[in-house]
Amino acid sequence: MNAQEIVLSPKEQAELSRRARSATISQREDRRAQVIPQAAQGSSRIEIARLTGLSLPTIICWCQRFQSLRLDGVPDKPRRGRKTSLLAEAVCRVLEQVTQPRIGEPRWSRGSMARVAEISATSVHKLWAANDLKAHLTSAFKLSRDPHLEENFWDVIGLYLDPPDKALLLCSDEKPSSSLVAHATWFASGDRAYPYAIT
1074 MNAQEIVLSP
1084 KEQAELSRRA
1094 RSATISQRED
1104 RRAQVIPQAA
1114 QGSSRIEIAR
1124 LTGLSLPTII
1134 CWCQRFQSLR
1144 LDGVPDKPRR
1154 GRKTSLLAEA
1164 VCRVLEQVTQ
1174 PRIGEPRWSR
1184 GSMARVAEIS
1194 ATSVHKLWAA
1204 NDLKAHLTSA
1214 FKLSRDPHLE
1224 ENFWDVIGLY
1234 LDPPDKALLL
1244 CSDEKPSSSL
1254 VAHATWFASG
1264 DRAYPYAIT
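Add 1073 to a position in the sequence shown, counting from 1, and you land on the number used in the numbering used here.
Since the hints were made in silico from the structure, they are not lab data.
Heads up, some of the hints might be wrong.
[Claimed, not checked] Simulated DEER-style distance windows between Cβ atoms:
#, residue 1, residue 2, range
1, 1177, 1239, 49 to 57 Å
2, 1168, 1110, 47 to 55 Å
3, 1134, 1160, 35 to 43 Å
4, 1223, 1176, 25 to 33 Å
5, 1229, 1169, 25 to 33 Å
6, 1083, 1117, 21 to 29 Å
7, 1219, 1172, 19 to 27 Å
8, 1202, 1176, 22 to 30 Å
9, 1242, 1177, 33 to 41 Å
10, 1170, 1234, 32 to 40 Å
11, 1169, 1233, 30 to 38 Å
12, 1231, 1207, 31 to 39 Å
13, 1142, 1170, 42 to 50 Å
[Unchecked claim] For lysine to any residue, the following SDA-like pairs were computed, each having C-alpha atoms within a straight-line distance of at most 25 Å:
#, residue 1, residue 2
14, 1084, 1095
15, 1199, 1171
16, 1207, 1175
17, 1207, 1180
18, 1084, 1133
19, 1084, 1111
20, 1239, 1228
21, 1199, 1166
22, 1199, 1174
23, 1199, 1179
24, 1084, 1113
25, 1199, 1172
26, 1207, 1172
27, 1199, 1163
28, 1084, 1138
29, 1207, 1191
30, 1084, 1101
31, 1084, 1100
32, 1239, 1229
33, 1207, 1193
34, 1207, 1173
35, 1084, 1142
Glycine included, C-beta positions come from ideal geometry on N, C-alpha and C.
Construct the entire structure; sequences and hints are all you get.
Structure follows, in structure tokens:
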């Protein structure tokens, strides 16, 4: 390929000159913006390689790319990046099982989940972080053994769905060692004193 084959329009010449002076483009794009005008001025590919310190195949590649794509061939092509190596099955297992710890364990650790899912602990951490999952913060509650639990449950739900007018609903906790007792304050209403809690 001869250097005379590249002919620049005034617009292309101005744009390449602007890119060569720009401080915001990559070094590779800057060097391409300098090589193409040299080739358009008639310099041989070997001479351009000697002046710029680039290899001859690189100069030839850039000139051919400019001829086929014009200014669109000056920037770097988008690169694919590293492909994910995690199997979809492992990802699903990590995300679904985070709320279901193994029997005898209160919660998952990165290491224990990694062994079960057969991926690295770092990958488990990245999956949890990307999905805002915090295995160490999962909590559970104990269901009451009260034989009237279901009946009471539906009574309370009924109050929320169809609240009575001018009524007060009071609820108490079954735990005798509730931390609210320590924070309870008393207030008087008429001849009685009532505890209330500030949480």
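Is the hinted pair residue 1084 and residue 1095 satisfied, with a Cα-Cα distance of at most 25 Å?
holds (16 Å)
Sort out whether residue 1191 lies within 25 Å of residue 1207, counting only the CA atoms.
At roughly 20 Å apart (the allowed maximum being 25 Å), residue 1191 and residue 1207 satisfy the hint.
Assess, step by step, whether the Cα of residue 1084 is no farther than 25 Å from the Cα of residue 1100, and give holds or violated.
Between residue 1084 and residue 1100 the Cα gap is close to 22 Å, so the pair holds against 25 Å.
For the pair residue 1170 and residue 1234, does the Cβ-Cβ distance stay inside 32 to 40 Å?
Between residue 1170 and residue 1234, where Cβ atoms are some 35 Å apart, the hint holds.
Range hint compliance [Cβ, residue 1177 to residue 1239, 49 to 57 Å]:
Holds: the Cβ-Cβ distance is about 51 Å, inside 49 to 57 Å.
Holds or violated: residue 1084 with residue 1111, Cα cutoff 25 Å?
Since the Cα atoms of residue 1084 and residue 1111 sit roughly 16 Å apart, the hinted pair holds (cutoff 25 Å).
Straight-line Cα separation of residue 1207 and residue 1173 no greater than 25 Å?
holds (13 Å)
Starting from residue 1199, check that the Cα of residue 1174 is at most 25 Å away, please.
Holds, because 19 Å separates the two Cα atoms, which is no more than 25 Å.
Would the hint linking residue 1084 and residue 1133 be met if the CA-CA limit is 25 Å?
Distance of about 23 Å is within 25 Å: holds.
Using the Cβ atoms, figure out if residue 1231 sits within 31 to 39 Å of residue 1207.
holds (35 Å)
For a C-alpha distance cap of 25 Å, please report whether residue 1199 and residue 1179 respect it.
holds (21 Å)
Can the restraint linking residue 1239 and residue 1229 be considered satisfied, given a maximum Cα separation of 25 Å?
holds (16 Å)
Comparing the model with each numbered hint stated earlier shows that all of them hold.
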